[in-house]
Amino acid sequence: MENQVRTEHKLTMIMKHVPVGLAEIDRTGRIIHLNLKGESYLKPIFIATDTSSDNLFPVLDCIAPSITNKINTTADDAGQILTNELHSFQLCFGGEKVERHFNFTVIKVFT
Numbered sequence: 053m054e055n056q057v058r059t060e061h062k063l064t065m066i067m068k069h070v071p072v073g074l075a076e077i078d079r080t081g082r083i084i085h086l087n088l089k090g091e092s093y094l095k096p097i098f099i100a101t102d103t104s105s106d107n108l109f110p111v112l113d114c115i116a117p118s119i120t121n122k123i124n125t126t127a128d129d130a131g132q133i134l135t136n137e138l139h140s141f142q143l144c145f146g147g148e149k150v151e152r153h154f155n156f157t158v159i160k161v162f163t
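Note that this note's numbering has the sequence shown beginning at 53, numbered continuously upward.
To be clear, the hints were calculated from the coordinates, so they are not data collected in a lab. For each residue, glycine too, the CB sits at the ideal point set by N, CA and C. There could be a bad hint or two in this list.
[What the hints assert, rightly or not] Ranges between beta-carbon positions, derived for each pair:
#1 53 to 101: 39 to 47 Å
#2 149 to 60: 41 to 49 Å
#3 92 to 135: 17 to 25 Å
#4 132 to 66: 16 to 24 Å
#5 149 to 62: 36 to 44 Å
[Claimed, not checked] Taking lysine-lysine pairs in the DSS-like style, the calculated list, with each CA pair at most 27 Å apart, reads:
#6 122 to 68
#7 68 to 89
#8 95 to 62
Let the hints inform the model, and build the full structure from the sequences given.
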């Protein structure tokens, strides 16, 4: 049991500091976990779009509405539903128009 706790702690630390954005959400889009890189990617978008920072769906709807739709229409245990799908979008930040590009991989496993 102690080994399992140590392994889980190590994995949690790796996930927190991995240099890609990772988010865990519930069925409603509420963010359960967001790693450091995910926070740094999403924070400016939350601010620029004036959306709540506790739900990912409104942000996804700004970036790529098809992703929210795919998450909501596939089976809870579908597994990987998107692989490295590129989406580009523009937003105004500080009076300046900025273009951003994101690659999305989505794994859907709700229990």
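Hint check:
1. Taken as a hint, the range 39 to 47 Å holds for the pair residue 53 and residue 101, whose Cβ atoms sit roughly 44 Å apart.
2. Judged by the Cβ atoms, the range 41 to 49 Å given for residue 149 and residue 60 holds: they are separated by roughly 43 Å.
3. A beta carbon spacing of about 23 Å between residue 92 and residue 135 agrees with the range 17 to 25 Å that was offered as a hint.
4. Separated by about 20 Å at the C-beta atoms, residue 132 and residue 66 satisfy the suggested range of 16 to 24 Å.
5. In this structure, residue 149 and residue 62 meet the distance hint of 36 to 44 Å, their C-beta atoms being roughly 42 Å apart.
6. Among the hinted pairs, residue 122 with residue 68 is consistent with the structure: their alpha-carbon atoms are about 26 Å apart, no more than 27 Å.
7. A hinted pair counts as satisfied when its Cα atoms are at most 27 Å apart, and residue 68 with residue 89 qualifies at roughly 8 Å.
8. Among the hinted pairs, residue 95 with residue 62 is consistent with the structure: their alpha-carbon atoms are about 26 Å apart, no more than 27 Å.
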